[in-house]
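Asks: Work the whole structure out from these sequences, hints included.
Single-letter residue listing:
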Amino acid sequence: MSEKSTISQPFATTGRSRKGEPWVWLTAAGLTFGVLMALGLFILICVKGVASFWPQRIELLEIKGDTTRQIAAGIPSQERLRKDAQGVEHEELQFFHGNRDLQAEAFRYYDRSQIVRSTQPQEMWWVERSENGTAFIFPKQVESDGKTIQAGDPAFEPTLDRVLKKGREVRSRLRQIERKEIGAISREMEALNRAERSREVAPGLAAERRATLQQEFERLQKETAEMRAELAKSRLLGSSADGREMVFPVETLLNYFPSNRAGFFERVAEMVRRMSNFLTEDPRQANTEGGVFPAIFGTVIMTLVMSLMVTPFGVIAAIYLREYATQGMLVQLVRICVNNLAGVPSIVFGVFGLAFFVYFVGGGLDQWLFADKLPTPTYGTPGILWASLTLALLTLPVIIVATEEALSAVPRGVREAALACGASKWQMIQRVVLPASMPGILTGVILAMARGAGEVAPLMLVGVVKLAPSLPVDGIAPFIHPERKFMHLGFHIYDLGFQSPDAEAAKPAVFATAMLLIIIVVALNLTAILIRNRLKKRFAVSSF
Amino acid sequence: MEDDLTKPIALMNDFIKVDHFNFFYGEKQAIHEISMDIPERQITALIGPSGCGKSTLLRNLNRMNDLINGVHHSGDIRIAGTSLYDPKVEVISLRKRVGMVFQKYNPFAKSIYENVIFSLRVAGRSRRKELDETVERALQSAALWDEVKDRLHESAFGLSGGQQQRLCIARAIANQPEILLMDEPCAALDPLATLKIEELILTLKKQFTIVIVTHNMMQATRCSDRTAFLYMGRLIEYGETMQIFERPKETQTEAYISGRFS
Ligand SMILES: Nc1ncnc2c1ncn2[C@@H]1O[C@H](COP(=O)(O)OP(=O)(O)O)[C@@H](O)[C@H]1O
Ligand SMILES: [Mg+2]
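Protein sequences appear in the order of chains B and S. Residue numbering for the first sequence follows the working numbering, starting at 1 and increasing by one per position. Residue numbering for the second sequence follows the working numbering, starting at 545 and increasing by one per position.
Accuracy of the hints is not assured; some may be wrong.
For lysine-lysine, the following BS3-like pairs were computed, each having C-alpha atoms within a straight-line distance of at most 25 Å [what the hints assert, rightly or not]:
hint: 1; chain 1: S; residue 1: K632; chain 2: B; residue 2: K425
hint: 2; chain 1: S; residue 1: K632; chain 2: B; residue 2: K537
hint: 3; chain 1: B; residue 1: K536; chain 2: S; residue 2: K648
hint: 4; chain 1: B; residue 1: K165; chain 2: B; residue 2: K180
hint: 5; chain 1: S; residue 1: K648; chain 2: B; residue 2: K537
hint: 6; chain 1: B; residue 1: K536; chain 2: S; residue 2: K693
Label-pair ranges, simulated between beta-carbon atoms [stated by the list, open to error]:
hint: 7; chain 1: S; residue 1: D676; chain 2: B; residue 2: I519; range: 47 to 55 Å
hint: 8; chain 1: B; residue 1: I316; chain 2: S; residue 2: G705; range: 33 to 41 Å
hint: 9; chain 1: B; residue 1: Y320; chain 2: S; residue 2: D630; range: 27 to 35 Å
hint: 10; chain 1: S; residue 1: E784; chain 2: B; residue 2: V331; range: 47 to 55 Å
Just so you know, these hints were derived from the structure itself, not from any lab. Glycine is no exception: its CB is placed at the ideal position from the N, C-alpha and C atoms.
Replies: Next up, the structure:
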């Protein structure tokens, strides 16, 4: 910098060109801000999401009020500062108690200054159950097959493990009976009723068949009753922090974890178990507990069906627009309209989907194919097919724009070469232009999938529900049920966060679900990107 | 094709007949009243400064210019006596008889194999044996077989520029056309690759009637039997290559070949 040229300097020496102009700094600052915001959001969601699975230590608090003394067990969740009427600030600790069957609120704030003692007793357990949520207990005894084993006995935990395993087996058998077998009977009953109404079977025959079905139904009911009675024979007894007796029948007892005794690796294993449960199980407790499997399934299926519908349609439209239509005012106008379609608020698509797909198309299908089931609608009600179609419409502009761009990027030389080889125009498009624009088209599909998978508002009108009784694809003939309602991760987040009876309890699940949604969208995109890159590598653009 | 061998070879001197041909891009006339006879199984070079209409003339021989909006023509072009503009002539069948190689090599985003047999595929021919034979024959003719025979199913983009251009030649001759049009086939290549292509062109003469556009006068003298000099859309002089380069009759021709303008 300090070196001076011997000849006089005819150029400006303010140094602006070296240091960069203020505008450069402004744009850099803008970018940094944007990146930080996005990164911050992502990290927050991931940290909170992962933390929601971590088995924390259970704390036992002794709280001394002016006149009261109280013992509480649970895990600290957050802190706040509260000003009381006199303007004195209180540092407060929010504490998750669980044990919803003993007290109304699972969360409570305690004044820090009133907490006189806080310990982590080795023998406290974290208990998961299918009703009333989490419990924190001192285990006392397990009763199984008429035997009672006290806590502390070396056979205590092995016995409990055996009981739990048995419970899981019986529960899954019960679910099988209730969902599949009893479901099959009631479906046949319905079909019988319809057939009888339309006089397709003789009344005598129908009555006979109905009697057998009724018998079968009673047999199954007896079987389940017996199984339940069997389950009721085993149970875990324990006591809450303040010494109240708690009973956990095996029918609702899912799991236990001695969190305070467990070492680091045991806790990691527990976290992995909780995560895998989250991924594979059905939701419980108004969706705040259990897993989100149906929502994952619904999201993925809907996104895939949407992509399968929108891609061919969009590509064909783009081919006509770019390759066949005479480029003029009209085509330009169509192009502008298509682009504007991308800007229409998604809820409008939802309304359109409801009116057109659900009521008009679906209602029409019902009249035509499922008239015998009316007035119960089959397709004339929101469902996953209509949701996929609505989103396909919503993402159509993305595909069209991307495809048009990709088509116009195919060099003229290649097109002429194809024609010079005696190809017709369609052959040229199909065999040369389309393969060459595949990477670009796939980019469009990626964008469409990302947009579609994250969309919630229109789905609420055309098929998403907070709790779907069954999956859109399952083992019951005809195996694929495009008319069924479905669950969706995006809607699940909304439902947990804003519709849940206990918003505090739902918070960890909100973060976990949000993280999962992000992961799924990223995974779908990565898959598409991988496919695209493989295509690109295979047909790497020639270097001059 | 087989009976070609038994027939005595009687080559036509006016295999391609350009007859008072005018061509317009909208209002702009690019070809003015050109008439010329192109003999069978010889190499005819089109030379002239940039923008004189060489490509336009060449691209009319397989009606490639039809694709451009607002073009029209008058006069006629006949191949073996049949007018290209006869309403009964299908453009596709014409292009099957007239192969074309472009200035910028332009293989498809496909394997080497699929590139070569493209013209067979679009003609609906897909017997494995025929395809395999065609690939070998065309690549042999294009002097590329030995270099690529082990990687036929790899992307064509993996080849060097000169190889890609020879692949394009193989692709153009795969379906056994009678005429091969080449529009500055060496313009994008280095001197060594150019030399290879020139050798190749000379061997191809035995089977094809070749019309080649070139900017390179040396190339015209090395490769061609006859040369046509075009200037501003007009045919100034047309004759034996030797005669054009050694004893040009027109002053404009002489000026051009002696490099006084380009
Ligand atoms: N697609 C086109 N539209 C309008 N004018 C064109 C087009 N192609 C070529 N021309 C014009 O026609 C004339 C001849 O062009 P061209 O045959 O490409 O010349 P050359 O190949 O001899 O360099 C030039 O003046 C050029 O500007
Ligand atoms: Mg040219």
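Asks: Tell me if the straight-line CA distance from B:K165 to B:K180 falls inside 25 Å.
Replies: holds (22 Å)
Asks: Below or equal to 25 Å on CA atoms is what counts here, so check B:K536 against S:K693.
Replies: OK: B:K536 and S:K693 at ~23 Å, within 25 Å.
Asks: Determine whether the Cβ-Cβ distance between S:E784 and B:V331 falls within the hinted range of 47 to 55 Å.
Replies: Check passed, 52 Å falls within 47 to 55 Å.
Asks: Between B:K536 and S:K648, does the CA-CA distance stay at or below 25 Å?
Replies: holds (21 Å)
Asks: Please test the hint of 27 to 35 Å on the beta carbon pair from B:Y320 and S:D630.
Replies: holds (31 Å)
Asks: Using the Cβ atoms, figure out if S:D676 sits within 47 to 55 Å of B:I519.
Replies: holds (48 Å)
Asks: Quick check on a hinted range of 33 to 41 Å for B:I316 and S:G705, using CB atoms only.
Replies: holds (36 Å)
Asks: Does S:K632 pair with B:K537 here, judged by a C-alpha cut-off of 25 Å?
Replies: violated (44 Å)
Asks: Regarding the pair S:K648 and B:K537, is the alpha-carbon distance no greater than 25 Å?
Replies: With a Cα-Cα distance of about 22 Å, the restraint between S:K648 and B:K537 holds, given a limit of 25 Å.
Asks: For S:K632 and B:K425, compute the direct alpha-carbon distance and say whether it is at most 25 Å.
Replies: This hinted pair holds, its Cα atoms lying about 19 Å apart.
Hint compliance for this structure: hint 2 is the single one not met.
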